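Could you put the whole structure together from the sequences, leaning on the hints where they help?
From first to last, the protein sequence lines stand for chains A and B.
Sequential numbering from 1 applies to the first sequence in the UniProt record's numbering.
Sequential numbering from 1 applies to the second sequence in the UniProt record's numbering.
By construction, these hints were calculated from the structure, which means they are not laboratory data.
If you're wondering where the values come from, they're calculated on a predicted model, not measured in any experiment.
Backbone N, C-alpha and C fix where the C-beta goes; we use that ideal spot for every residue, glycine too.
Just so you know, not all the hints are guaranteed correct.
Unchecked claim - Cβ-Cβ distance ranges computed for the label pairs, FRET-style:
1) A:Leu42 / B:Gly383: 33 to 39 Å
2) A:Leu65 / B:Glu108: 56 to 62 Å
3) A:Ile145 / B:Ala140: 27 to 33 Å
4) A:Gly113 / B:Arg328: 55 to 61 Å
5) B:Arg328 / A:Trp202: 32 to 38 Å
6) B:Asp27 / A:Tyr138: 41 to 47 Å
7) A:Leu267 / B:Thr72: 31 to 37 Å
8) A:Glu222 / B:Glu108: 44 to 50 Å
9) A:Glu222 / B:Glu491: 47 to 53 Å
10) B:Glu90 / A:Ala308: 54 to 60 Å
11) A:Val142 / B:Arg319: 32 to 38 Å
12) A:Leu267 / B:Leu105: 36 to 42 Å
13) B:Gly383 / A:Leu203: 46 to 52 Å
14) A:Tyr138 / B:Ala78: 56 to 62 Å
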Amino acid sequence: MTQPVSPPRGSADKVPQVSERTGPRVAFARADVRTLSLLGVLAALILIGGITKPDEFLDTRNLQLVLTQASVIGVVTVGMTFVIISGGIDLSVGAIVALASVWATTVATQEYGFAGILFTAVIVGVGCGLVNGVLIAYGGMVPFIATLAMLASARGLALQITDGSTQVVTVGSVLDLGERDAYVLGIPPLVLVFAAVTVVGWLVLNRTTFGRRSVAVGGNAEAARLAGIDVRRQRLYLYLLSGLCCGIAAFLLIVLSGSGQNTNGNLYELDAIAAAIIGGTLLSGGRGTIVGSVLGVLIFTTITNIFALNNLQTDVQQIAKGAIIVAAVLVQRRTASTT
Amino acid sequence: MAPEPPLLTMSGITKSFPGVRALDGVDLDVQAGEVHCLLGQNGAGKSTLIKVLAGAHQPDDGTITWRGAPVTLKSPIAAVRRGIATMYQELDLVEHLSVAENVYLGHEPTAAGFVVRSRAAKESTTALLRRLGHPEVDPARLVGDLSAAQQQIVSMARALSHDVRLIVMDEPTAALDPDETDNLFRIVADLTADGVAVIYISHRLEEIRRIGDRVTVLKDGRSVASGLPAKTTPTREVVALMTGRNVEYVFPERPAGTDQRLTGTPLLEVQGLAREGEFEPFDLTVHPGEIVGLAGLVGSGRSEILETVYGARKPTAGRVLVDGKPLRPGSVRAAVAAGLGLAPEERKAQALLMLESVTRNVSVSSMSRFSRGGWIDRGAESGAARAAVRELSLRPDNPDVPVRTLSGGNQQKAVLARWLLRGCKVLLLDEPTRGVDVGARAELYAVVRRLADEGLAVLLVSSEVPEVLGLADRVLVLREGRIVHRAPARELDEHRVLDLVMEGSPVTPVPPTSPTSLTSRTEGNPAS
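Below is the structure:
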């Protein structure tokens, strides 16, 4: 019948051997090359800044300013990176920052002082993330659509709350955080928060089951489901995380500007997505790094600063940003295909 | 046959994909006006051959002679321009376009780059549909709104909208009811009367008897018989040609005294499980140490059964018990928690995280074992993954390499290692050796048998009959969503099973043709 008759021919198994041997090294080298090239770009920018405006750019105050500006969008980008790695997108981050910043600076909220402002900003962020997550994970909505709807609604609500006016913060302890007296070894507290969020984000992505599941869902949602991962719950958590980051960013923005405005966080969604993309996060999901995203944020913020110091207008800045996104993605595609 | 030279001659066609030789010297000649049937088991090379003919694959070697002159078919467009049209099993229609737009997709009547004369396209579409016996299909309707049979007609209308001399039909009746099948055969007869040749692929011998002129049989990438008379060649001879081995599978021996061990509680028990339109209610038990095989053709409902047992599809009736405890229906997580593990048919699409390392692919279902409060102990994880990889002698034995660099057989081992690490009790294997080359197969068979010997219950689905017979202890034969036969594997042989899956049991009356699953898949393409 079908019992053993002759030994198997094992020859065909040799074909993939070559790629087996080169595979891992290539993969790791590629990740290193990406990080190194981003660091190279950043170094080049610092060099350009130092040459064109040696006194202003390398001034401690200016560098503190650059890092402080990077902090707000940076925290948002960490959350966005998780969402994109999982194969999703969150277009509502800027609007959530705006809503959280105005809700946390109403006269009523300010009565509760520092804790009231911080708590409100975080809760509003997480609440918006919850709505996004439920709509996407359990309502079956496409992330693009659900978060687009949240973008519109949150901006609308923010306008309704402020009626277009700027809500000035009167709580001294909040304003003090932005003052030079609060700097720790010359580092602004906002930057410390950004650093802490970055470190925690890196640990969560690389060292926890949450991070693993995020990558698995983005890499192959069907395989993740069949491997026993609760894909929907994971998606819910990811939008909660993004909302949480927006809430933190909103608080940082309140400290930085001493106010809450419904126009806050304008186009943050595009800046955060762009930073993640040039940092090497795949828009289709399954791959991305926190370090890359943070470098992406620093590159964009540095460019903005250098352009401002050289009196170049925002239109030129925008054009340069677009060019950098295209260049970064092309370079990545090239390294991916040649190796 | 006509005395003139053949319309198409393919000779010595070979085609290799990494690790697999899909075609290993195929000869085929087709006369104008004939229905030439292509027969062969899954993996025999039929799909690859028609893709070569359609210009979708380039052969490594061999010649194609078309109307007396050698040709190379560089692209699907080149093939269509020469008059070779292919109707794939999975229809390649755009659901959101109208019937007429689909028919003229890619060769719309244009002027200065603009699509014009949509009225002319509609009128000629109407004429084509009338010729095909479906005047009721409105050319302006969206293809997505049509029935499967009507979509097939649209696909054929598209083929005929070119000046076509040869149409390849890949299992065209898989989604058709008997009336629609009759209509299809009438169309085929009309076409051949006009001198158009048809290459017809089907698993159903009775269809080949009805409309075929000649038969070519493929086996293991070779044409083992060419130009047999379709109506008079005995079934036994055809089946023998399809099954005769020149590649010998090596199966592990079954442990002695298996039958005595199977008296206790079954590890897996299926009671009256059914999914309407996919498979009818059936019962099944698998004991620890036992391998039960489901034999059936593409579209017979075998993958659907496995995925329903696993909770990936929700049953319309019946239930699944593991160790005597019923599972929550339609929940993969409940199944995994109860100790089920699935190695799915489409490994890359359904099982593997292709961007990730072997370790992470192996540990993905057992992360809670290596973590405390969500914090992963990476040392424990990689140690356990390494051990699982070693136990299955996965190569290379470095689990840090990306899983995509592994061969098909080793990727399958990575999937098995995942469930081994998880400590699963019931292993569901869907086409476990698809895309796995011959040498690696024997090793996989041995692994599966060893896991069973260690106390796992294994439910195996395969369209390769020798695999089911060689590996399983008991076999269930599946035909069009219904179990038509059950027997211990040693009481069956390949001819008998092929008879059963293709023509229904001679003992049990052939079941009335039920609407076959529309989710039937095309044969695996080792390159994809």
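Tested hints:
1. A:Leu42 / B:Gly383: 33 to 39 Å: Given about 38 Å between the Cβ atoms, the range holds.
2. A:Leu65 / B:Glu108: 56 to 62 Å: 58 Å, holds
3. A:Ile145 / B:Ala140: 27 to 33 Å: For isoleucine 145 of chain A and alanine 140 of chain B the Cβ distance comes to about 29 Å; the hint holds.
4. A:Gly113 / B:Arg328: 55 to 61 Å: 49 Å, violated
5. B:Arg328 / A:Trp202: 32 to 38 Å: 37 Å, holds
6. B:Asp27 / A:Tyr138: 41 to 47 Å: 57 Å, violated
7. A:Leu267 / B:Thr72: 31 to 37 Å: Taking Cβ atoms as reference, leucine 267 of chain A and threonine 72 of chain B lie about 53 Å apart, which means the hint is violated.
8. A:Glu222 / B:Glu108: 44 to 50 Å: 36 Å, violated
9. A:Glu222 / B:Glu491: 47 to 53 Å: 38 Å, violated
10. B:Glu90 / A:Ala308: 54 to 60 Å: Roughly 56 Å apart at Cβ, these two residues keep to the hinted range, so it holds.
11. A:Val142 / B:Arg319: 32 to 38 Å: Cβ of valine 142 of chain A to Cβ of arginine 319 of chain B: about 34 Å, so the range 32 to 38 Å holds.
12. A:Leu267 / B:Leu105: 36 to 42 Å: 39 Å, holds
13. B:Gly383 / A:Leu203: 46 to 52 Å: Violated - the Cβ-Cβ distance for glycine 383 of chain B and leucine 203 of chain A, about 21 Å, lies outside 46 to 52 Å.
14. A:Tyr138 / B:Ala78: 56 to 62 Å: Once the Cβ atoms are compared, 49 Å apart, the range 56 to 62 Å for alanine 78 of chain B and tyrosine 138 of chain A is violated.
Checked against the numbered hints above, the structure breaks hints 4, 6, 7, 8, 9, 13 and 14 and satisfies the rest.
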